[in-house]
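Read top to bottom, the protein sequences are chains A and B. Position 11 of the first sequence, counted from 1, bears residue number 11 in my numbering, the numbering being contiguous throughout. Position 111 of the second sequence, counted from 1, bears residue number 111 in my numbering, the numbering being contiguous throughout.
Any given hint could be a false lead.
Coverage of chain B stretches by chain A, computed from C-beta distances (three or more under 8 angstroms per stretch; other residues unrestricted) [what the hints assert, rightly or not]: (1) 11–19; (2) 35–46; (3) 60–67; (4) 78–92; (5) 123–135.
Derived from the structure by calculation, the hints contain no laboratory data. Cβ atoms here follow ideal geometry from the backbone N, Cα and C, with glycine treated the same way.
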Amino acid sequence: MVAKANIQTIFNIPLSWDASQRDYAAQLIIEKIQANTTKGLDKNGDSFSKYSNEYKHSVDFHNADKSNRVNLQLTGDMLNSIEVIQSLPGKLIIGYPTGSKMAGQVEGNQIGSYGHKPNEAHARPFLGLPKEQLDLIIAKVNSLSVEQKTTNDFMNNILNSLLGRVNSGN
Amino acid sequence: MGIDLSDFKKKLLEIGNKIITESSSNGVLETLGEGANSLIKKRTRLGYGVSSHEGDKERLKPLSDAYKKVRKSHPKSSDTTPAKSNLTRTGEMLDSLDYQVSQGSVKITFKTQNNVDKAGYVTQGGRPFMNLSKPEINQLKAKLNDLIYERIKNLL
Chain A
1 MVAKANIQTI
11 FNIPLSWDAS
21 QRDYAAQLII
31 EKIQANTTKG
41 LDKNGDSFSK
51 YSNEYKHSVD
61 FHNADKSNRV
71 NLQLTGDMLN
81 SIEVIQSLPG
91 KLIIGYPTGS
101 KMAGQVEGNQ
111 IGSYGHKPNE
121 AHARPFLGLP
131 KEQLDLIIAK
141 VNSLSVEQKT
151 TNDFMNNILN
161 SLLGRVNSGN
Chain B
1 MGIDLSDFKK
11 KLLEIGNKII
21 TESSSNGVLE
31 TLGEGANSLI
41 KKRTRLGYGV
51 SSHEGDKERL
61 KPLSDAYKKV
71 RKSHPKSSDT
81 TPAKSNLTRT
91 GEMLDSLDYQ
101 VSQGSVKITF
111 KTQNNVDKAG
121 YVTQGGRPFM
131 NLSKPEINQL
141 KAKLNDLIYE
151 RIKNLL
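All chains should be built: construct the whole structure from the sequences, respecting the hints.
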């Protein structure tokens, strides 16, 4: 059974923010977690523990075009499935729903269990941000103008419109 | 001095429509097609399929023991192993993934009819792989985001 605390993180934000400010902050937090992880950095800004030699010589490692940089991306699905679980005054909960198919994989990375007992030495906790990065995001959202808010909403509409033009499937 | 938000929204709407129209004919759909192909190829080679649009990725159905034996005695590609179910024997089908841009949309397909038929056959056989999962669509969205912001900057 996956523990919620291992797959969801609470971010404290200003109590005065409205829903739109919280949405924008959540988007920035998720993007920053993805960027840090892609660079091989965990939630504290430290480097992830290295890949095992066995994994580095696997067909999957070769097929995913991976390098020695640990970025927790095989298909990329785990990082691209991070979502806002709850947006409340003063608080954002970001991560994965407990019923998510990713939950086991996420917990494995977060606590180093990978189907076994938790092992801190093998853990790659990625779901969080160093305090100074969260402070920068809070400052950015505080300084957001009405025009910028409208532009953000509009950008999302444009992206969704273009993505609707891809036809895949058999 | 106050801000006239209705004028601002109107201007954004004009810019947005212009971007959507221009993007259909100047490389954005090609970028989407290449991105979708690359995601499908990589995920399938890793042994996962997706059975519906925005569905979850799932392990591809395992190979039969008889077929594993055939693959063991006739190895063909370094992108697989005899026991790995990843729609790869020679690698030709996935390498043939392609896209076609036409009338403002992009269609994910194959370079040859033989591979279109092969993809249909493996899908019917219980290994659907040509759909995009929600996280894959999110990846395409992130790629597009950067492209479109560049274009907006040029238009403003």
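Hints, one by one, checked against the model:
no. : hint    : verdict
1   : 11–19   : holds (count 4)
2   : 35–46   : holds (count 7)
3   : 60–67   : violated (count 0)
4   : 78–92   : holds (count 6)
5   : 123–135 : holds (count 8)
Going through the hint list in order, the structure does not satisfy hint 3, though it satisfies all others.
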